[in-house]
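Participant: Spelled out, the chains give:
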Amino acid sequence: MTLESKIPAGDIATKWTQYKSTVPLVNPANKRQLEIIVVGTGLAGASAAATLAEMGYKVKAFCFQDSPRRAHSIAAQGGINAAKNYQNDGDSVYRLFYDTIKGGDYRSREANVHRLAECSTSIIDQCVAQGVPFAREYGGTLSNRSFGGTQVQRTFYAAGQTGQQLLLGAYSGLERQVGLGNVKMYARHEMVEVVKIDGKARGIIARNLVTGKLERHFGHAVLLCTGGYGNVFYLSTNAMGSNVTAAWKAHKAGAYFGNPCFTQIHPTCIPVSGHYQSKLTLMSESLRNDGRIWVPKKQNDDRHPNDIPEEERDYYLERRYPAFGNLVPRDIASRAAKERCDASYGVGQSKMAVYLDFKYNMMQKYGRTEASKLNIANPDDETLIRLGKEVVKEKYGNLFDMYKQITDEDPYEVPMRIYPAVHYTMGGLWVDYDLMTNVPGMYALGEANFSDHGANRLGASALMQGLADGYFVIPITIGNYLSKEIHTKPISTDHEAFVAAEKAASERIDKLMSIQGTRSVESYHRELGLIMWNKCGMARNEKGLKEAIAEIQALRADFYKNVRIPGSVNEFNPELDKAGRVADFLELGELMCVDALQRNESCGGHFREEYQTEEGEALRDDENYMYVSAWENKGDTWELHKDELKYENIKIQQRSYK
Amino acid sequence: MSKLMKLNLKVWRQKNADNAGKFEEYKVDASPDMSFLEMFDVLNEQLIETGKEPVAFDHDCREGICGMCSMVIDGRPHGPKQGVTTCQLHMRSFNDGDTITVEPWRANGFPVIKDLTVNRSAFDRIIAAGGFISTNAGNAVDANSVLIPKDVADEAFEAATCIGCGACVSACKNASAMLFVGAKVTQLSKLPQGKPERETRVVAMVNQMDAEGFGACTNTGACAAECPKQIPLSVIANLNREYIGAKMNGK
Amino acid sequence: MKLLSFLFTSSIGRKVLMAVTGLSLVAFLLVHAGINACIFFNDSGKTFNHAAEFMAHNWLIRSAEIGLFLGLLLHIVQGLSLTASNNQKRNNKYGASAGNANSKWYSRSMGILGSLLLIFLVMHLKHFWVVSRFTDAIQETAGSTLFDEMVVVFTDPLPVFVYVIGCISLAYHLLHGFQSAFQSLGINHPAYSPIIQSIGVGFSIIVPLVFAAMPIAMHLGWIQ
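Residue numbers (the numbering used here), protein chains in the order written: chain P, 1 to 658; chain W, 659 to 909; chain X, 910 to 1133.
Everything labelled a hint here was simulated from the structure, so no lab data went into it.
Beta carbons are placed, not taken as given, at the ideal position from N, Cα and C, and that holds for glycine.
Watch out, some of these pointers could steer you wrong.
[What the hints assert, rightly or not] Partial list, derived from the structure: chain P residues whose beta carbon lies under 7 angstroms from chain W:
#1 Leu142
#2 Ala158
#3 Met240
#4 Gly274
#5 Thr281
#6 Tyr471
#7 Tyr627
[Said to hold, decoys possible] Here are the simulated distance ranges between beta carbons:
#8 W:Gln888 x P:His487: 52 to 60 angstroms
#9 P:Lys404 x W:Lys710: 35 to 43 angstroms
#10 P:Val23 x W:Gly741: 26 to 34 angstroms
#11 W:Gly741 x P:Lys484: 49 to 57 angstroms
#12 W:Lys710 x P:Thr2: 38 to 46 angstroms
[Stated by the list, open to error] The following residues of chain X were derived to be distant from chain W, with all beta-carbon distances above 12 angstroms:
#13 Asn945
#14 Cys947
#15 Trp968
#16 Leu1034
#17 Gln1092
#18 Ile1096
#19 Asn1097
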């Protein structure tokens, strides 16, 4: 099967507009006859479900949480990008497009990214209209801040809770449609199987997590908006329940998995504190607007950070990347932190951390401004700190509180200790321009697809992509498929394909329950995470990846022999839910290593130690690897398909933030 | 490494909604740096190892924002610390040798599913009744075309930080959901975009809230005191005001 | 009337009715306490009787009294039924109690405090109101006044004790109820609410104190 990305012809700047005006439509009467299944209710899923229902489609939405409002988009902190140019600093759709392509290290698809940049402005309008309380200036206009990898201020935010506010906006739109009867909501349901009839996605098997019963659901199209798979690393900033199961079942049913090894390691997370640690907590990238990252210039320096004088601190990001300084993209900041720690400059008890210090900007940037507002001519340090602290508190108060709550250290007094952690996965189901996977009728939106961020995502772009896909892209592109489906009557869930899919799911569950071994699901997950982090994490090499593949295979075999799942199938059984997810991670982990091993270059978040410049920067191989790796599942192995990337509007160069 | 604390737990165990539950006692060693939920992870590992059923509890993001975690700890939702969710509560807030009682949210509007897990779908139905601004994707005007004074935006934001966890209901002696409803009504009624349907909204949401079996507010303030996001009691006054206005207007 | 039906059917409406009737009772208490305080002129009840006489015969006061009684009745009936219905919202009680960690005991005990007040009120009305309004026991022609009646009642220590308990219940009932009424009516403002609260606290202490002072003073013979 050849991959067709179906990118419309024409000029990049007008391609999407033209597509919108020529794509086949479904008339309102027919929409009412068409059913769409949306799995996942984060930014992409909730916005898609709400919008499609507004248009008149019959929608069924599923989420594994107890309410659609709890999807992990809610935890996004810093903001959402949009090319509004409200700051008059030279921003434009093209610049956002360019920054995103460059930030992704030239491994994303031009047409998709340009469309994303175009839609970005409408997202802000839509969110404001639905009551999202973005931060504002005293004049009543919207406020912006900077994020990594850009030199303009285009990030809209709501304190450190932007994801929450955007998700609640989309959720309110979704609930409105639930109230109107246009969406049927299934919370505490997990998709466990795709149903394909005549090669097309026609429904899903979902497990009711409260009763444990399997349910059959028909849809003319199935939208997977199920987020990323960072939890394959066990420790990540993802929610405990975030999983790959839906996407993986789609993959097993024929959908290609794109760039699985592209993982984003976020540079500013609270370091691991003990073996019992269940997850890692992010400290928003927005903190890098005002926080300066440093380590001592001396190795193994055990002094208290406040006792280390200015001249003995190494602000290594500012030193290495003067143009972008502390606001380099995430992959670069993460690797630089790892490099320092590996070279014994790390701080804290574990020595696996660097400092993120607000004192300078608290005093010099905010303290001075406030002092000047108050007409204090020659403020002393104490006054500057006192005044600056108030401003910092207003900007980042909730993040500082959270840091203090977790570490028991006051970041207003002592620099934060931070270390990189798994945060986002750029890889995902392969999709074409319509966001359709290679299985007709099955779509992937948001983080669940691979399309927009290449090998590294810029901060504040995940929210943008999720909402662009849900509010503005899928409502248009789905017409391209559904307009041909208007004669398809709803298929009975007694159809043999539904029966077979349910049987497969049921057998899989019974198999897991029948093992009754000795080890907990959690312990397997933890072990898998360790393999992934050590050998397929921030730095990878051929030897490590080969070892990892063997280790994962062995672990998987052991899992199916020795895992112990308490309780029974037909009840509320979180351990069983987790077991199903970990079983899928145990397969995905292998594919990620296979992909990382195959890609003999470094790009963005994928850093192969064998391929680096003399200064330790990622060394791409555009000649041989300028494609999306789309992996087809062949039982126990995978076959690679290449979706070539063409850059017609952006000149490819080595990414530099110096 | 900090010293381990020895804790006695009294945990509510209930097989499902149809069964009566009871407290069971467990012993757990915990590090002061653990979160309360990580302490429960340790307990569950112990239970699984000894062939017993682990305690079912809701949790997801573990960073205090999804609103899923929900334990009543020594009679207080989210435990003794103010302004934090259960997942952000750390064991250093307890002492070696403590006996800690852990129960689910208890309210008729939140039936127990299993152990410490409850069904909070009533909140979704309240939002579905009116907790939104009726606007379809695609017909919004430019975001800066309506100016919103910073203090109004801040006030709306403060109310909008509600995570829908239900601690307010569980803390209230009447199991009232008015802090939750008040927060949403306040957010939307303050913003110019939400004003056109403010009257129908508040009436619909209050009707649904009453139908779900939540009690009336008697202004004890327990909800605001226990709210992990510190939503102020003033949102309930605002809810009352909006509601009275709408009713006196014949809505 | 349909416009006001929400006062009996919705959770918020019922609270609004509690607030409105409660505040009208607060106004009544102020007048009542003012007139009671007249005994402290210590003129053998002359001023007090004069005021009582006025209250008993002024037609405006008498009609307001009907409204007051209606309000009182509504406050009682609504209060009892609201408490009963609120108590049914949590069938499975908590095993551990938060104690006073998140709220004041008297805020949680308005039903009980109100019930205590009701018991006191029945006794109180029997002592004075029924006597002064519906019997001829107190007629100037008969030579007996309301003041004389008080002297008689408060000679016995039992009513004095019950009255003091009643006043304490009233104080705590008001301590919560006064500010709560404003909250129920939607009045909560960063600048004005602290003022309302201070007034509420002052009112809740002073008025019950004035009431309690009367039986005590009479019993101890300070007032004659």
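Participant: All hints are to be evaluated individually against the structure, with a verdict given for each.
Facilitator: Hint by hint, here is what the structure shows:
The criterion of a C-beta within 7 angstroms of any C-beta in chain W is met by P:Leu142, whose closest approach is roughly 6 angstroms, and the hint holds. For P:Ala158, the interface hint holds, the least distance from its beta-carbon to any beta-carbon of chain W being 6 angstroms, beneath 7 angstroms. Taking 7 angstroms as the C-beta contact cut-off toward chain W, the hint placing P:Met240 at the interface holds, the least distance being around 5 angstroms. At its closest, the beta carbon of P:Gly274 sits 6 angstroms from a beta carbon of chain W; the interface hint therefore holds under the 7 angstroms criterion.
Given hint, P:Thr281 at the interface with chain W, holds; its Cβ is 5 angstroms from that chain's nearest Cβ, closer than 7 angstroms. The interface hint given for P:Tyr471 holds, since its Cβ lies 4 angstroms from the closest Cβ of chain W, which is under the 7 angstroms cut-off. Using the Cβ-Cβ criterion of 7 angstroms, the hint placing P:Tyr627 at the interface with chain W is not satisfied: the shortest such distance is roughly 34 angstroms. At about 56 angstroms, the CB distance of W:Gln888 to P:His487 agrees with the hint of 52 to 60 angstroms.
The hinted range of 35 to 43 angstroms is satisfied by P:Lys404 and W:Lys710, whose Cβ atoms lie roughly 36 angstroms apart. As the Cβ distance of P:Val23 to W:Gly741 is approximately 49 angstroms, the hint placing it in 26 to 34 angstroms is violated. For the pair W:Gly741 and P:Lys484, the beta carbons lie near 54 angstroms from each other, so the given range of 49 to 57 angstroms is met. Our hint of 38 to 46 angstroms for W:Lys710 and P:Thr2 is violated, since their Cβ atoms are close to 54 angstroms apart.
Look at X:Asn945: its CB is around 29 angstroms from the nearest CB on chain W, clear of 12 angstroms, so calling it non-interface holds up. Once the 12 angstroms rule is applied to beta carbons, X:Cys947 is consistent with being away from chain W; the minimum gap is 34 angstroms. Listed as outside the interface, X:Trp968 is consistent with that label: its C-beta sits roughly 31 angstroms from the nearest C-beta of chain W, beyond the 12 angstroms cut-off. Chain W leaves X:Leu1034 outside its interface by the beta-carbon criterion, the shortest separation being 26 angstroms against a cut-off of 12 angstroms.
With a cut of 12 angstroms on Cβ distances, X:Gln1092 falls inside the contact zone with chain W, its closest approach being about 5 angstroms. Annotated as non-interface, X:Ile1096 brings its C-beta within 12 angstroms of a C-beta of chain W; the closest such distance is 7 angstroms. A Cβ of chain W approaches the Cβ of X:Asn1097 within 12 angstroms, the least distance being about 3 angstroms, so the stated non-interface status is violated.
Hints 7, 10, 12, 17, 18 and 19 from the list above are not met by this structure, while the remaining hints are.
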